[in-house]
Amino acid sequence: MARPPSMLAAAWIIARKDLAVELRTRSAFLSVLVFTLLALATFFFAWDATSVASIDLAPGVLWVTFTFAGMLGLHRSFGSEAQDRAIDGLLIAPVEREAIYLGKAIANLVFVGAVLVVALPALAILYNLPLAQTVVGLAPVALLAAIGLVSVGTLFSSMAVNTRLAELLLPMLSLPFFVPIVMASSQISARLLAGRPMSEAMPWLKILIAFDLVFVVACTIAFPYTLEE
Amino acid sequence: MPDNYGFFIAAYVIAGVLIGGYVASLWWRSRR
Amino acid sequence: MTVPAPARAFRAPLFDWFFLLAVAAVGGTLVRILAFTPFEASQGAAQKIYYIHVPAALSAYLALGILAVASVMFLWLRDPRADRLAVSAAEVGLLFTTLVITTGPLWAKPIWGTWWSWDMRLNLTMFLWFLTAAYLVLRGAIDDEAMRARFSAVLGVLAALLIPFIHLSVYLFRTMHPEPIVLQPGRPRLPAEMLTTWSMGVLAFAFLCIALIRARYRLPDGRDA
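Chains as they are written, first to last, in numbering that gives the first Met the number 0: chain A, 0 to 228; chain B, 0 to 31; chain C, 0 to 224.
One thing to keep in mind: the hints can contain errors.
Rough simulated footprint, nothing fancy, chain B against chain C, three-plus residues with beta-carbon under 8 Å [to be verified]: (1) 33-46; (2) 86-100; (3) 103-115; (4) 203-216.
To list a few chain C residues with every Cβ distance to chain B over 12 Å, as calculated [said to hold, decoys possible]: (5) Ile51; (6) Ala55; (7) Arg120; (8) Leu121; (9) Pro190.
The calculated label-pair distances, taken between Cβ atoms and stated as ranges, are [what the hints assert, rightly or not]: (10) Asp143/C with Ala92/A: 48 to 58 Å; (11) Pro93/A with Pro12/C: 46 to 56 Å; (12) Leu22/A with Gly19/B: 57 to 67 Å.
Hints listed in this document are in silico derivations from the structure and should not be mistaken for laboratory results.
For every residue, glycine included, the Cβ atom is placed at its ideal position computed from N, Cα and C.
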């Protein structure tokens, strides 16, 4: 009789399951990707291009778009489990509940990361930013922002699918939590793109890192409360 | 002294309506 | 006189002596604000908004603090009374944050020249309002009582963890709010007459806040949670 997998191994198995489902269908990824590109393009027309430089717009546009796109993807995370009560299969599996959360979060992180891999170069091209500097410079910020977004979003996705409002509730619950992420990533990006010294962005970077640490831990602990007992 | 009685009255009226409204809702819910 | 107890269980009256005392305190403060406190020379009548704005803000913090503590208590002890206290504090907290963000702009327009200055304390209160509203909407969207209590307690705890981050972020963003005049150790700069009125306001609103939470807590159980 095989031993149940350790927590991280179980998390990885669950993440691979979610990613395999996503790879087979690709429906959510494509729609979120197109949404992201569409939003980047639409925002450009919302300002007078002759009076606002696109480099000043780019950080805010990127991170606001990113949070909304992330929310679209996050809802699918537990929304797919609600169909035919697939979640029950996970619940009776011999794994800890925290492992379910971590697995879901890892899958979401890969999902959101894949969107960013396309979105960052697209932003650089559409907004005429230095390509290499944008992609390489913003990648670490993007990773930190994605971890924060996914940690909170995965938990709220699990809660929201059990309510009568379902996906309508997710933005209301998670957007206040995304505010520090949007503010910090936008401020860091703006300084990076303007070529300012990194020391100016340090306070924001600290906020972002602390946010990730606090909410990855807190949401992992809180997750079992959002499941049936 | 600036003349801004309008703002002063508006603030106190809004405060009264909000608090009064909440008390009324408590009373309403208690007698159903 | 030995009438058998009615079929309905005994219910503590909603508005008892405690509530009346709070109402009297608020009424007394109001009389003092209107009739016995001088106008401030440079700000005029609008300055008197301060006597309800700041006490409402402090009461909002009190209610939301109770919400956070009650949420932790619920997850720890699983006592439905903690959940009941949490929702009572949330409703009253929403009431007072609404008071703060409506009276604030009415003062700011004549004094600062703008309704909403995107100042850090405004933003913090605005997000407290959003979080409290989300808390109550979440509760309204769940039918199962046990699930509602667990989910909302989780949100209550996470929101409490979020506040320091929002506070830091909006602080770094920028600030132009007048520094607290009274809460500076050593030298209150407010004239004695106004300070007394203000202190009465703080006490009366804290009283009202607790009385309202208490009354809401005593509401009979129902689907209105």
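Which of the numbered hints are not met once you compare them with the structure shown?
Hints 5, 6, 10 are the ones this structure does not satisfy, whereas the remaining hints hold.
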